[in-house]
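Chains as they are written, first to last, in our numbering: chain Z, 391 to 676; chain S, 375 to 505.
Simulated from the structure, these hints should not be mistaken for lab results.
Note that the structure is a prediction, hence the values are computed from the model and not measured.
Each hint should be verified, as a subset may be incorrect.
Unchecked claim - SDA-like, lysine to any residue: derived pairs with alpha carbons at most 20 Å apart:
1) S:Lys400 / Z:Asp599
2) Z:Lys424 / S:Pro388
3) Z:Lys421 / S:Gly387
4) S:Lys468 / S:Asp447
5) S:Lys458 / Z:Lys424
6) Z:Lys540 / S:Asp447
7) S:Lys400 / S:Leu390
8) Z:Lys438 / S:Lys495
9) Z:Lys500 / Z:Tyr550
10) Z:Lys438 / S:Asp463
11) S:Lys458 / Z:Phe536
Listed below are the residues making up each chain.
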Amino acid sequence: MASLRDLKARIDSTKKTKKITGAMQMVSASKMSKAEQNAKGFVPYADKLQEVVASIANSNTDVSHPMLIKREVKKTAYLVITSDRGLVGAYNSNILRNLVQTIEKRHESKDEYTVIAVGRKGYDFCKKRDLPMSNSILGMADHPTFADIKELASETVQMYSDGEIDELNIIYNHYVSAISQKVTAKKLLPIENLDAHSAINNDYEYDPDQEQILEVLLPQYAESLIFGALLDGKASEHAASMTAMRSATDNAGDLIDDLSLTYNRARQAAITQEITEISGGVAALE
Amino acid sequence: MKTLEVSVVTPSGPVLEGSFDMVVCKAETGEIGILPGHIPLVAPLQISAVRLKTGSETKHLAVNGGFMEVQPDKVTILAQSAEKAAEIDVQRAKEAKERAERRLQAKADNIDKIRAELALKRATNRLNVGS
Chain Z
391 MASLRDLKAR IDSTKKTKKI TGAMQMVSAS KMSKAEQNAK GFVPYADKLQ
441 EVVASIANSN TDVSHPMLIK REVKKTAYLV ITSDRGLVGA YNSNILRNLV
491 QTIEKRHESK DEYTVIAVGR KGYDFCKKRD LPMSNSILGM ADHPTFADIK
541 ELASETVQMY SDGEIDELNI IYNHYVSAIS QKVTAKKLLP IENLDAHSAI
591 NNDYEYDPDQ EQILEVLLPQ YAESLIFGAL LDGKASEHAA SMTAMRSATD
641 NAGDLIDDLS LTYNRARQAA ITQEITEISG GVAALE
Chain S
375 MKTLEVSVVT PSGPVLEGSF DMVVCKAETG EIGILPGHIP LVAPLQISAV
425 RLKTGSETKH LAVNGGFMEV QPDKVTILAQ SAEKAAEIDV QRAKEAKERA
475 ERRLQAKADN IDKIRAELAL KRATNRLNVG S
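Excised from the complex, chain Z in its bound form:
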């Protein structure tokens, strides 16, 4: 059995850990509510954009744009959104597992796909596994602005326009609630499933014309979808971090209880032994 001193030291260090994880839980909680607000602030923009794109795309069948047309898929890109640091529970591993499973299921050779990594965890993972990676962005802020992701988003959309990739998928954690995040894989490009019902007004005038507007609008739409996923992912990240830190704090508390019990028992045993020894000594003298 560990000595009294060892036990004491372990209790102390666990207490310190508990304090840290407790603080981190609170930090994540406040970051989460901010991130949630950001994600909500983005909704009106995304909705409006979707509405206009849908109404143009549905208004006229002879309007076409490369981004709306399905082509033979020779190369698929996967945009994975992970966090930069750990301590977020299963947040990253869920995403990366999904990525690996999708790749194994759909592709045979490394020429058929490429990964675009957002976040250090995804970057390191791809490096280690030697997965082809065409672009990455590290050190994303806790509350990213559109400008932070703009470059990566336009480059990615450009890759599609240039025919470098024929399909763009995005894998991220969708924020359901503070305690639940769901790994979501979505096909971003080519754009399909534009909801015709959201197109309320089909008799727009277009200046200069529909095709040129689509030219401007569709890349913007795709970029905004990427940004939306990033905001969603960030909210999930903070939520996951909060949950992980809370269970760490709870576990530290349990551990401290257990250790204190063992410590008290050991102390009691030592006292009992001492008394036995003294009374044994007294009995021997008589």
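Position chain S relative to chain Z; hints supplied.
For chain S alone, kept in the frame of chain Z given last:
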């Protein structure tokens, strides 16, 4: 008198909402003024200033990479970024302008040039609106 409901929305949230008499902005094909009762219209905007008029008052807004959607009583401007005149950091815009000018003078490949030109446009636009 009828007014237009104007909302300016960016990825980071709504920038401005309110009623105005007239909206003047620069579309790709040229300057365009919207009065209440305009036919539904969709037009991409240049990196430019948007002017919102109520009575004799005019509000200025710097928009970048946007387009507008017009309905008879409503104008929605969707932009990648939009700033009200009062919110513009003039000092920063000046620095950005100088930076972009320097980059333009340095011999660089095409992509960098286009990027620098865009940056210069954005900065100049901000400066025009901000001061």
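Run the structure past the numbered hints and jot down the numbers of the failing ones, going up. Numbers 4, 5, 6, 8 and 10, in rising order.
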